[in-house]
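**Student:** Listed here are the chains, written in short residue letters.
There are 2 protein chains.
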Amino acid sequence: MPVSEFTLIEKYFNRQINGDSAPSVILGIGDDAAVLKVPQKHQLVVTIDTLIAGRHFPDSTPARDIAYKALAVNVSDLAAMAATPAYFVLSLALPESDEAFLKQFSDGLFEAADEFNIHLIGGDTCRGPLSITIQASGYVPDDGYITRSGAKPGDHIMVSGKLGAAAVGLASKTGEIELEPALKLQALESLNRPRPRIDLIPTLREYASSAIDLSDGLVGDLAHILEKSQVGARVQQDFIPVFEWVKQNNAYTYALIGGDDYELLFTVPEERVTALMQSVSNLKLDISDIGVITEQGYWLHNQGGPTDLSSKQGFDHFGS
Amino acid sequence: MPVSEFTLIEKYFNRQINGDSAPSVILGIGDDAAVLKVPQKHQLVVTIDTLIAGRHFPDSTPARDIAYKALAVNVSDLAAMAATPAYFVLSLALPESDEAFLKQFSDGLFEAADEFNIHLIGGDTCRGPLSITIQASGYVPDDGYITRSGAKPGDHIMVSGKLGAAAVGLASKTGEIELEPALKLQALESLNRPRPRIDLIPTLREYASSAIDLSDGLVGDLAHILEKSQVGARVQQDFIPVFEWVKQNNAYTYALIGGDDYELLFTVPEERVTALMQSVSNLKLDISDIGVITEQGYWLHNQGGPTDLSSKQGFDHFGS
Chain A
1 MPVSEFTLIE KYFNRQINGD SAPSVILGIG DDAAVLKVPQ KHQLVVTIDT LIAGRHFPDS
61 TPARDIAYKA LAVNVSDLAA MAATPAYFVL SLALPESDEA FLKQFSDGLF EAADEFNIHL
121 IGGDTCRGPL SITIQASGYV PDDGYITRSG AKPGDHIMVS GKLGAAAVGL ASKTGEIELE
181 PALKLQALES LNRPRPRIDL IPTLREYASS AIDLSDGLVG DLAHILEKSQ VGARVQQDFI
241 PVFEWVKQNN AYTYALIGGD DYELLFTVPE ERVTALMQSV SNLKLDISDI GVITEQGYWL
301 HNQGGPTDLS SKQGFDHFGS
Chain B
1 MPVSEFTLIE KYFNRQINGD SAPSVILGIG DDAAVLKVPQ KHQLVVTIDT LIAGRHFPDS
61 TPARDIAYKA LAVNVSDLAA MAATPAYFVL SLALPESDEA FLKQFSDGLF EAADEFNIHL
121 IGGDTCRGPL SITIQASGYV PDDGYITRSG AKPGDHIMVS GKLGAAAVGL ASKTGEIELE
181 PALKLQALES LNRPRPRIDL IPTLREYASS AIDLSDGLVG DLAHILEKSQ VGARVQQDFI
241 PVFEWVKQNN AYTYALIGGD DYELLFTVPE ERVTALMQSV SNLKLDISDI GVITEQGYWL
301 HNQGGPTDLS SKQGFDHFGS
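Residue numbers (the numbering used here), protein chains in the order written: chain A, 1 to 320; chain B, 1 to 320.
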């Protein structure tokens, strides 16, 4: 017997919100809309992202991982603005009312929500080709947000984590490359379970002049900062932190244009770099200094000499 | 040559927001997220809805109308909460990068946005089966929102506009019924261009004990109020305002369970009804008093006697 939309939402998504952990949620799931109170002297940061089966994730991806990633990529956008995650709404299109799928999906969703301390306050389910849209919101102290447009010549370019693991995971999944089992597992974990860098929000607020999250790949995402800030950049390939296999196989393409890293890329004024590095060392954060912002041009330096990146782009959904 | 996602957003959706008309928009389209400032002593009301081609609108629907309706149905949810529309974000999945479609789509979207005084602040486009997700937000004075759960026995049940035109329009489009051309045009206009009742927001705030917007049909939507308020209802069919053709053809099904009306259904305490009707008459608003809230039971009265509605539902996306 088919299950109604209302029953589905009640059963799998209407988890009670704890008033202590979410004091700003006035009214959650179950009405025409939800109601929120933004804390005083704070602004609201708003983002939206859709994941489509077969395009943003392989059709065979487990439902738990789909849900986890759908929320993670939105929270990553909030982190890039230095916004503390607060709440999200979900729109889920499903080919059929599949309770086993929904059970796993909601498990993965709430697992991610708990991990990122963000609350589901509303949603909509409908029948259609599998796609997940999440709109996530977070808070920043008034005017404390970080944009793509604040980079200045002389700023250092910083990146978190290690790049390329997710792209290597995807390549191993499609059979493009062969990995030994333990490495494959690790790479697939990076692909399916990206960890948005909410731990870096205080660091961004204190030091960053601009920031973006790495969804399309370092080369394309840094290009967005350069374009919005109207500056150039010089990046040292050897300084880019990469997934071990990338270095061993000199396969930097995965780290440069592979995408799906969900690490943060940000710029820091030269005079703040020493203090940042001291702080990063104290907090044991994995931040690397990979280059500098320049007046113009976009160059990658490696042992083969400089490469002009100004005409290249990362993954682009409508690109060739 | 394929057009990039970034170019598409720039070209068709990045309309400059006028600071005077949208003082709360701090940062609009073009970064990882947008930034808002909710006015003091106000709460934020948040809703999300997805429209899928072939399911929520016929595949042949013009792009202008698809966009218009996608925004209208979200604004209707805000109106039902008595929230003044403020901003929205869009996620658009398109099978291919079709500039003619996008031009028309953005025209229809901004036409609706201007009409409803709501601002596009961010979005995401990707390739996939045609679907449109909009997350819209509005403001209410602190605790001034209206829910589905405040109806009390003795309250009068009010509905705006005339019901059934959109459902009749859909039936004429699929060939289920034949309409004379002028009437068909009118019915299709109701189907493709629903007018969310933002004009009723002040009335709801002043008089309503509960409210919902009519998306699934009167019978099913009133059932939501009854369930959330834990009450019953007695509705007089003859008092329900309907599209002229519905009355002439005694085809009340279109008005009762047809859906897609996007009128408002709300309850008003008995002692406030006279004042409401005076106000409605002064403001020339089209509000009808169609029945009363009772302790329990759900009955429709017409010339054939009472019909028990307690087991019926309006259109349900996963229902049989």
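Heads up, some of the hints might be wrong.
Unchecked claim - Restricting the straight-line Cα-Cα distance to at most 30 Å, the calculated cross-link-like pairs of lysine-lysine (DSSO-like) are: (1) A/37 to B/152; (2) B/11 to B/37; (3) A/228 to B/228; (4) B/103 to B/228; (5) A/37 to B/228; (6) B/37 to A/37.
None of these hints come from the bench; they were simulated from the model.
**Student:** Now tell me, hint by hint, if it's right for this structure.
**Tutor:** Checked hints:
1. A/37 to B/152: 27 Å, holds
2. B/11 to B/37: 26 Å, holds
3. A/228 to B/228: 48 Å, violated
4. B/103 to B/228: Roughly 42 Å between the alpha carbons, so the hint for residue 103 of chain B and residue 228 of chain B is violated.
5. A/37 to B/228: 23 Å, holds
6. B/37 to A/37: 11 Å, holds
Of the numbered hints listed earlier, those contradicted by the structure are 3, 4.
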